[in-house]
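For the record, the sequence lines run as chains A and B. If you count the first sequence from 1, you need to add 45 to reach the working numbering. If you count the second sequence from 1, you need to add 45 to reach the working numbering.
Be careful, since some hints might not be right.
If chains are identical, the list can't say which one is meant, so a pair holds when it fits in one copy or spans any two.
With a Cα cut of at most 25 Å, we get these calculated SDA-like pairs of lysine to any residue [unchecked claim]:
id	residue 1	residue 2
1	Lys-147	Gly-77
2	Lys-47	Val-269
3	Lys-47	Thr-470
4	Lys-147	Ala-135
5	Lys-326	Glu-342
6	Lys-47	Leu-122
7	Lys-47	Ser-57
8	Lys-147	Glu-160
9	Lys-346	Asn-167
10	Lys-333	Ala-478
11	Lys-333	Leu-473
12	Lys-147	Gly-195
13	Lys-326	Asp-357
14	Lys-147	Ser-430
15	Lys-127	Leu-471
16	Lys-147	Val-163
17	Lys-127	Ala-444
18	Lys-326	Val-149
19	Lys-346	Ala-271
20	Lys-47	Thr-67
21	Lys-147	Val-310
22	Lys-326	Asp-90
23	Lys-47	Asp-290
24	Lys-321	Arg-60
25	Lys-147	Val-162
26	Lys-326	Ala-443
27	Lys-127	Ser-75
28	Lys-321	Ala-475
29	Lys-127	Thr-470
30	Lys-127	Arg-60
Bear in mind the hints are in silico, worked out from the structure with no lab data behind them. This one's a predicted model, so the numbers in the text were calculated from it and none came from an experiment.
Number of protein chains: 2
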Amino acid sequence: MKQLDWNQLDESARRDALARPTQSRTDDLSGGVARIVAAVRERGDDALREFSAAYDGCTLDALEVTEAEFAAAEAALDPVLKAAIDEAAARIEHYHRATASKPVAVETAPGVRLERVVRPINRVGLYVPAGTAPLPSTALMLGVPARVAGCRSVVLCSPARADGNCDAAVLYAARVTGVHRVFKIGGAQAIAAMAYGTDSVPRCDKLFGPGNAWVTEAKLQVSVDANGASIDMPAGPSEVLVIADELANPVFVAADLLSQAEHGVDSQVILLTPSKAMIEKAASEVEKQCAELPRSEIAVKSLAQSRLILVDSLAQAVDVSNRYAPEHLIVQVQDPHALLDGIESAGAVFLGEWAPESLGDYCSGSNHVLPTYGHARSYSGVSVSSFQKQITVQDVSAAGLRAIGPCAATLAAAEQLEAHRRAVTLRLAALDARETTEASP
Amino acid sequence: MKQLDWNQLDESARRDALARPTQSRTDDLSGGVARIVAAVRERGDDALREFSAAYDGCTLDALEVTEAEFAAAEAALDPVLKAAIDEAAARIEHYHRATASKPVAVETAPGVRLERVVRPINRVGLYVPAGTAPLPSTALMLGVPARVAGCRSVVLCSPARADGNCDAAVLYAARVTGVHRVFKIGGAQAIAAMAYGTDSVPRCDKLFGPGNAWVTEAKLQVSVDANGASIDMPAGPSEVLVIADELANPVFVAADLLSQAEHGVDSQVILLTPSKAMIEKAASEVEKQCAELPRSEIAVKSLAQSRLILVDSLAQAVDVSNRYAPEHLIVQVQDPHALLDGIESAGAVFLGEWAPESLGDYCSGSNHVLPTYGHARSYSGVSVSSFQKQITVQDVSAAGLRAIGPCAATLAAAEQLEAHRRAVTLRLAALDARETTEASP
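One chain only, chain A, in its complex shape (with noise of 0.2 Å):
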């Protein structure tokens, strides 16, 4: 990991430190996802199934998991696994409920009162990777808010195993959460079978999950399709960003750093420090620690494009977070939520020695699926909301209207929009013939 003092580092230099690995949409991947999609939209089914021969090595005659299969994976799992499947789901949707929209009404002027509803997204599609391994978490943190908003056709894509079974720990999940219809196909082409829709697998209305680089630009170009589906959010790699004092314990800052580092090798993991100390020690514990790792040829790699990185306060320290905008920010430092109101943009933030990353991606009930290479500027993680849309209605009296259009006349002829004026103007008028009316003898 490289050592570097932010403030020996010009802006150039800055800007190096806190530079991404480089994501770019090669046209070779763009042609190649945008020549899946057109397959699945032309040729349904079938397509799928060559797909799912191709790249998952499997030959699938149904592509929807059976009744019979979600049995047989319940059977089949370690009952300690089902335990803490049941566990994290009770947890998050715990916390998903008592985050979710709550409608609001509100009168503006007399006679004009303003409701916001809330209503589920229809048709949703989710999506479970099982690259280098099966996610189940994955499958909770997004079929729970589903099921929470109410979405009443939650499907969900994972791929299938080369024996054609989707793994076992994947389907029990989704079968808690209360998704609905559960498919065995993978890859750009689950992404396009759930935006337009193939004889098997319904068409949604928005996708949901993160997913390999063609995964990702599939997500990309059924949501700049008019006629596609919308989508979570972008995707990229995973990331976590440490802020540690002189008196953090170093082991656990090392074991922060490499549950993200293990992910994949275009991780990305920051640790920010006022000690020169810290460095030291996190340094020659991560080495030490990576050792003993399964997945230390990938944590080395990601680890290679990761910093270590002097700052000369806590609030400096805070400052370049912010401008990171980390998917992950963890913070030990004696009194973390003395730190939390200058914290402007993170998907996650973890307070204290006690709060590993690794509980907010299983357990603790809060989301997992949040925004990364520096979307968190701009995007929250998933929630509830997610699933849903806010609606205004509008409720207007007769003496709203009198109280009101006045003013709406007076802009849309500011705006030239005649039609405007005269849906208001035609109302008023008929509202005084009628008074006229009444009060005559």
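Mind docking chain B on chain A? Use the hints.
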């Protein structure tokens, strides 16, 4: 306007009946916009000045609106219009404050406290078109929620007229809402400038606002670039759907249909009613009122792609409306509230005969930047939340880690993420060691 009977249509004819005018991203448009974006990224302000000369027909020295220009705009403005802008801004602020996200805190297990905090998006860019007419109301609809959200840098771009000035009402509205800086730039070049920054225009994290096909395409292009900016929502032509019963006033129904039809030749308006007589009356009123409009030429063209559809009941009207997912839904029936629960997808809903859409467009307090083109299936209109991020903060005590750590460790092991597991188990071991020490004599 085409007249149709929903129950006489087969599925394919129903699809046609609700089809929107095609929005195709032609290669010409994409390529043209990509060249503009590239020019702005490469040559910054120089490129902006060239495009202003070429497209807006004006020679600009300074791109930013000066204090003197703001003062001159305010001095030149009709006091009645000024008052209307002030009045609308106050009501928009009232509603937007009431619907802003609140922080939430919840304990999901003993010692595991999750807090959802809300932070403004720091740097936002607003686009206010001034094509066929300037739109001060759009400056209000974007500027007010940006201020309520607490955004630190609020930039607004709007094209200059040939005389090198921006519209006075737009400038006044921008000032009323507290927009920090206004630039006299329009079109795709304005979007590029705000997404990437130039010497004059500050770079923004998220861009908002409607625009023509060039602006829309530019927003899409910068939104799929990881180094670009995020956007409020995909744009499309404006549209209204009116549900009317046999007792509705056809004069009001026609006025509401026309208030969308005058927007642009690609606008679409739809009437759903169980009353044959209403279809006849609305058609003849539309014809009569349309002839009186200054923009009747536009309205006639958009009416050509619009429909008057007979349904068998108000319940069926709601079903058809949900399928269409209109930007604006006006419900002119005797008991409009009875239909509200069934309404699933719409940008904004207007209940009863005294609630023309124009009120929501200008001054009831709700936002008029709404999802069009069926995007109401998965998008909400612009709100304060559009200018904010929600961050989950995890505050975990040693007891909390003990309570939920084993669940996280089990799930991490199932996902073969050993470093994730160890970030938990190392801490649990440290707690055990500490207790042993404390327990010894």
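Hints and how they fare:
Proximity of Lys-147 to Gly-77 under the C-alpha cut-off of 25 Å is found in neither arrangement, the shortest distances being 43 Å within a copy and 44 Å between copies. Taking the closest pair of Cα atoms, Lys-47 and Val-269 never come within 25 Å of each other, the shortest separation being 38 Å inside a single copy and 30 Å across copies. In this homomeric assembly, Lys-47 and Thr-470 never come within 25 Å of each other (Cα to Cα): the closest approach is 69 Å inside a single copy and 27 Å across copies. Taking the closest pair of Cα atoms, Lys-147 and Ala-135 come within 25 Å of each other both inside a single copy (21 Å) and across two copies (23 Å).
Taking the closest pair of Cα atoms, Lys-326 and Glu-342 come within 25 Å of each other only inside a single copy of the chain (22 Å); across copies the shortest separation is 75 Å, beyond that limit. For the homomeric pair Lys-47 and Leu-122, neither the shortest alpha-carbon distance inside one copy (43 Å) nor that between copies (59 Å) is at most 25 Å. Proximity of Lys-47 and Ser-57 under a CA criterion of 25 Å is satisfied intra-copy only: 16 Å inside one chain copy versus 62 Å between copies. Taking the shortest Cα distances, Lys-147 and Glu-160 sit within 25 Å of each other both inside one copy (11 Å) and across copies (17 Å).
For the homomeric pair Lys-346 and Asn-167, neither the shortest alpha-carbon distance inside one copy (42 Å) nor that between copies (33 Å) is at most 25 Å. In this homomeric assembly, Lys-333 and Ala-478 come within 25 Å of each other (Cα to Cα) only across copies, at 20 Å, whereas the closest approach inside a single copy is 86 Å. Only between protomers do Lys-333 and Leu-473 lie at most 25 Å apart by alpha-carbon distance; the minimum there is 19 Å, versus 78 Å within a single protomer. Taking the shortest Cα distances, Lys-147 and Gly-195 sit within 25 Å of each other both inside one copy (13 Å) and across copies (22 Å).
Within a single copy, Lys-326 and Asp-357 get their C-alpha atoms as close as 18 Å, which meets the 25 Å cut-off; across copies the closest is 75 Å, which misses it. For the homomeric pair Lys-147 and Ser-430, the shortest alpha-carbon distances inside one copy (10 Å) and between copies (13 Å) are both at most 25 Å. Taking the closest pair of Cα atoms, Lys-127 and Leu-471 come within 25 Å of each other only across two copies (23 Å); inside a single copy the shortest separation is 65 Å, beyond that limit. For the identical chains of this complex, Lys-147 and Val-163 are neighbours both inside a copy (7 Å) and across copies (16 Å), given an alpha-carbon limit of 25 Å.
When the C-alpha separation of Lys-127 and Ala-444 is checked against a cutoff of 25 Å, the pair qualifies only between copies, where the shortest distance is 23 Å, while the shortest distance within a copy is 60 Å. For the identical chains of this complex, Lys-326 and Val-149 are neighbours neither inside a copy (52 Å) nor across copies (37 Å), given an alpha-carbon limit of 25 Å. Taking CA atoms no more than 25 Å apart as the test, Lys-346 paired with Ala-271 passes between copies only; the shortest distance there is 22 Å, against 39 Å inside one copy. Taking CA atoms no more than 25 Å apart as the test, Lys-47 paired with Thr-67 passes inside one copy only; the shortest distance there is 18 Å, against 52 Å between copies.
With identical chains, the CA atoms of Lys-147 and Val-310 are never at most 25 Å apart, being 41 Å at best within one copy and 38 Å at best between copies. Within a single copy, Lys-326 and Asp-90 get their C-alpha atoms no closer than 55 Å, and across copies no closer than 48 Å, so neither meets the 25 Å cut-off. Taking the shortest Cα distances, Lys-47 and Asp-290 sit within 25 Å of each other inside one copy (19 Å), while across copies they are farther apart (71 Å). With identical chains, the CA atoms of Lys-321 and Arg-60 are at most 25 Å apart within one copy only, with a shortest distance of 21 Å there and 67 Å across copies.
For the identical chains of this complex, Lys-147 and Val-162 are neighbours both inside a copy (8 Å) and across copies (16 Å), given an alpha-carbon limit of 25 Å. Within a single copy, Lys-326 and Ala-443 get their C-alpha atoms only as close as 72 Å, which misses the 25 Å cut-off; across copies the closest is 23 Å, which meets it. Neither within a single protomer nor between protomers do Lys-127 and Ser-75 lie at most 25 Å apart by alpha-carbon distance, with minima of 39 Å and 50 Å respectively. Taking the shortest alpha-carbon separations for Lys-321 and Ala-475, only the inter-copy value of 24 Å comes in at or below 25 Å, while the best intra-copy value is 78 Å.
Taking the closest pair of Cα atoms, Lys-127 and Thr-470 come within 25 Å of each other only across two copies (20 Å); inside a single copy the shortest separation is 64 Å, beyond that limit. Taking identical chains as interchangeable, the C-alpha atoms of Lys-127 and Arg-60 are never at most 25 Å apart, the minima being 45 Å within one chain and 45 Å between chains.
Hints 1, 2, 3, 6, 9, 18, 21, 22, 27 and 30, counting from the list given before, are not met by this structure.
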